[in-house]
Each structure stands twice: as structure tokens, then as C-alpha cells.
Amino acid sequence: MTGPFDERSSGVLLHLTSLPGPHGSGDLGPAAYEFADFLARAGQRHWQTLPVVPPGGGNSPYDSPSAFAGSPWLVSLELLAREGLLEPADLLAPARLVNATRTLYPATRRFRERRLRKACAAFMARRDGRRELERALEENRSWLPDYVLFRALKRANAGRPWVEWHLDLAQRKPSALESARRELASEVEYEVFVQREFLRQWSALRAHCRELGLRLLGDIPMFVAHDAADVWAHQDLFQLEPDGRKRVVAGVPPDYFSADGQLWGNPIYDWQHLRETGYAWWIDRLKTTLERFDGVRLDHFIGFHRYWEVSASATSARDGHFVEAPGHELFERLRSTLGALPFVAEDLGVMTEGVVRLRDDFGLPGMRVLAFAFGGDWREYQPHRFPQNVVAYTGTHDNDTMHGWLTSHAREREPRRAAELLAERQRALAYAASDGREAHWDMVRTLVASVANTTIFPLQDLLGLGSEARMNVPGVAHGNWTYRARAAEFTPALAERLGRLCDTYERVPAGVRRTP
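Quick note on our numbering: the sequence shown kicks off at 1 and runs consecutively.
Please keep in mind that the hints were generated in silico from the structure rather than gathered at the bench. Heads up, the beta-carbon is just placed ideally off N, CA and C, and yes, glycines get one too. A hint or two may mislead.
Cut-off 25 Å, straight-line C-alpha distance, at most; resulting in silico cross-link-like pairs (DMTMM-like, lysine to aspartate or glutamate) [unchecked claim]:
(1) K287 / D6
(2) K246 / D360
(3) K154 / E139
(4) K287 / E7
(5) K246 / D168
(6) K173 / D128
Derived CB-CB ranges, DEER-like [unchecked claim]:
(7) P492 / H328: 55 to 61 Å
(8) H328 / E291: 24 to 30 Å
(9) S175 / E380: 55 to 61 Å
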């Protein structure tokens with residue numbers, strides 16, 4: 001059976017929150033179907049998103065309170081109205097939300113939550129409502145009961161971290177949990193309802209994409225947030241103090257990007273205990289993800305070989321050290337349990353022989369980012385050096401847009417740095433044989449023409465947008481994850497141009513329904 005990255009193909013990276021729509025952020029509603037149709041017209045095989053879990057600190061989908069749940073804010077109110085759970089008047093949003101050109105997280109959450117609760121009440125009034133929620137709990141029993149109770153307890157505790165709850169709840173004493181389930185029954189029901197609707201709407205969108213020949217690509221962070229249902233429910237799988245607080249945390253050592261390294265602060269797995277359980281939690285996590293996606297990007301893949309461990313009391317990642325992880329054993333277990341491993345190894349950064357061996361022993365494609373190819377010692381990122389088994393990007397959600405990157409030297413105040421960046425950009429333009437008038441399209445063409453099996457383009461790069469449209473600036477706490485596209489940008493002309501380019505370089509696989 002052909003895997004998602006074994007054929008010559010192309011796709012677009014756009015997170016669901018970045019879709020247009022009338023309620024302040026994108027979701028699983030009509031705009032998602034319209035974007036899928038646009039991709040099919042453009043001859044694309046893949047739609048890649050960021051993690052679709054509930055966002056956490058700074059609205060980041062990489063700092064979620066759950067590795068399994070779907071984001072409540074992706075549930076489409078329009079689709080709930082079609083099910084008869086909301087009235088047409090419920091869909092009328094303030095002009096501030098309707099006209100929002102950036103995702104307005106607090107406002108859209110307030111608007112959406114009131115209507116989600118109304119829809120839940122309407123659903124529970126139905127004769128079979130409670131039975132349907134019980135079915136959802138049973139079908140997702142490995143994670144959903146713990147998650148919905150965690151969410152209900154968070155609200156009951158004014159949002160405080162679980163380590164600050166009553167000791168019996170923090171330590172999950174059975175009697176305390178049972179009492180909480182009774183006392184918070186209506187809140188638990190609401191959370192189950194939201195997850196049921198997310199899963200139903202996701203399944204419908206995925207079915208539509210399959211009819212078009214599209215594959216959905218997801219993204220899994222290596223580590224999880226400490227204040228998350230996963231850590232609270234499985235404290236023995238993480239290196240924690242007896243009171244549940246972190247003993248050690250994850251990060252990366254000093255490198256080209258940061259003189260002090262990066263102190264991420266996520267708890268670190270207790271790999272020995274995971275081994276004793278047969279890696280059941282990881283198997284459940286990836287199995288659940290593959291029920292939603294056709295392929296998955298494994299963020300910080302290097303961490304499956306070795307990770308940077310820092311004391312929880314440290315103030316800098318400089319004070320850490322590398323620890324080996326049982327990556328080969330884990331992936332052998334995953335292969336024997338899941339069968340095919342349709343994963344992309346996010347192997348950016350300093351590569352070691354061990355990481356390369358882990359990636360290649362399981363046949364996983366690595367990544368190449370064109371924006372990295374023309375500065376420093378990154379020559380292997382230039383397309384003429386690509387192997388076939390890679391997924392190549394103009395940039396990722398953590399990069400500037402292609403247009404922004406090509407013009408960023410003009411914003412540098414330090415003359416030497418500006419000169420270095422200018423030389424880097426000139427090398428890129430020369431490589432792409434670009435006269436600069438449509439440099440972003442020249443870069444796209446350069447990747448499409450490469451031997452890489454798979455090429456992915458952030459929508460911003462196809463539109464030629466500047467730095468104001470980038471999705472995330474690592475290390476910056478505020479203002480990220482807010483980019484939104486406009487419906488008027490999904491034009492027939494753009495679809496035709498991208499589709500014609502992919503046709504020229506044989507990237508429109510059989511089964512993709514490319515229509516005028």
C-alpha cells in the first residue's frame with residue numbers, strides 16, 4: 001500500500017483557525033469545505049494543519065491541556081445550527097468578529113462558548129442525548145473520561161494548575177474523583193458533548209477530503225504541557241516530584257538560533273515506566289491521531305533519540321545535558337501495533353548519526369526548509385542536494401513568510417547583519433533564477449521542480465504575503481497564531497496557477513480531482 005509520502009505530490013499548510021468565517025476564527029464549518037475544494041482544484045494532495053488540540057498558553061496549539069482532545073473552538077456553530085441545535089439568530093455575531101482579519105481569541109471563545117452550551121442543552125433535551133454521550137465516552141475511554149473531568153475540575157478551581165487542587169484530587173484518590181464526577185456532572189456532560197461534536201465534524205470533513213483525493217496531515221508535539229489532563233491522569237509516566245511538580249524539564253542546548261538554548265519547561269517522560277507499559281500511552285496517542293489524519297509530522301523528532309534535560313529549578317537551558325531515549329524500541333513497538341508509520345520526522349537542527357539511523361531505519365521522510373538553505377552551513381537544504389524521501393517546505397509555521405524573509409534585511413538596524421542577510425537573499429534569488437518581481441513564486445517553482453517526493457507551501461507563500469502574515473515568532477509570548485486568510489484569496493486564478501505548476505512537474509497524483 002502506498003504511503004502518503006511515497007508518491008510525487010504537493011500540498012498547502014494552513015491551520016484551521018486561519019480559515020475565514022463569521023465567528024472570529026476559522027473552524028470545521030463551510031469555509032473548511034471550500035478550502036478543501038480549492039486545494040482539489042489546484043491539484044494538491046495534502047492539506048497540512050497544526051495540532052488541532054485545545055490551545056494552551058499564548059493560544060499555542062503546541063502547549064495544549066490535552067494530547068488527545070479536539071479544540072472546542074474548532075467546532076462549527078453553523079453546522080450545529082444545521083443539526084437543529086442552534087437557531088439562525090444564534091449565528092449572528094458582532095461586527096468585530098464578523099470582520100476580524102486576525103483571530104480574536106478571547107472574544108471568539110466567549111461568543112462560541114455561550115452557543116456551545118446552548119447547543120448542549122438542546123442536545124441533552126433529546127431522548128437519546130445522554131445515551132449518545134455515554135457512547136462517546138465508551139468509544140474514547142482511553143482518554144475522554146479523564147479529559148472531561150480534568151476540564152470540569154479546572155473550572156471548579158478557577159483555572160488553577162492541577163498541582164494546586166485539593167490533595168485528594170491532585171493525587172487522584174478514587175473517592176475524590178467519584179465525588180467530583182457527581183458534583184460536576186453537568187459540566188462533564190458539556191465537555192463530552194463538545195468533544196463528540198468535534199469528532200463528528202472532523203470525520204465529516206475528512207470524508208469530504210477523501211472524496212476529493214486529499215490527505216490530511218497533522219502535527220504532534222514531542223512533549224506535552226505539565227498542566228494537562230495527560231500528566232494529571234498518568235503521573236507515573238512523567239518525571240515528577242511526589243507532589244506532582246516537575247523534577248526536570250525539556251529544552252534545547254545553545255545553538256545557532258539561541259546562545260542560551262531554549263528552556264521549554266515541559267515535563268519529561270519516564271521512559272523506563274513507559275517501557276514497562278509497552279508504550280501504551282504513545283500507542284494510544286498516535287493511534288488516535290491517525291484516526292483523524294492520513295499522515296503526521298513528528299515535531300522535534302530528535303527527542304526520540306536523545307533529549308536535552310534540565311533541572312526544573314534551572315533558569316537557563318545552558319545547565320542541561322543530553323539523555324538517550326529508547327526511540328528504536330518505541331518505533332518497533334509502534335510498527336508492530338499500528339502497521340504502517342505514515343510519519344514525517346521533523347529533523348531540523350543539529351543531526352547526529354543516531355537520529356539519522358532512527359529516521360532511516362523506519363523509512364521516515366525528513367524535512368527540508370528552503371528558507372534555511374542559503375545561510376550558514378545549511379547547504380543540504382538546497383534542492384539540488386535533496387534526497388527523494390523528504391518533505392520540502394518553503395517555510396514552516398515558525399518561519400517568516402517567504403516574502404518577509406526575502407526583504408527582512410531592509411529592517412535590520414545593525415549594518416553587518418543587514419549585509420549578511422542581503423547576501424543570503426541574493427544567493428536565494430540567484431539560485432531560483434528570480435528577477436525579484438515574483439520571488440515567492442520563483443521559490444515555489446524551485447521546490448516543485450525538486451526531486452523531493454512531497455512539497456508543502458504555507459498559504460502565505462502562495463499569496464506573497466509579508467511578515468505581518470507569519471503564524472508564529474518563537475520566543476515571543478504574545479501576538480502569535482492569529483493569521484487569517486480571506487475567502488476572496490482562494491481564487492480560481494490561484495488554483496489554476498498552482499495546479500498548472502504541479503502538472504508541469506508531475507505532482508498531481510492519480511485520484512486527485514482537479515477541476516476547472
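A quick look at each hint next to the structure:
no.	hint	in the structure
1	K287 / D6	holds (21 Å)
2	K246 / D360	violated (33 Å)
3	K154 / E139	holds (24 Å)
4	K287 / E7	holds (23 Å)
5	K246 / D168	holds (18 Å)
6	K173 / D128	violated (32 Å)
7	P492 / H328: 55 to 61 Å	violated (48 Å)
8	H328 / E291: 24 to 30 Å	holds (25 Å)
9	S175 / E380: 55 to 61 Å	holds (58 Å)
Consistency note: the structure conflicts with the earlier hints numbered 2, 6 and 7.
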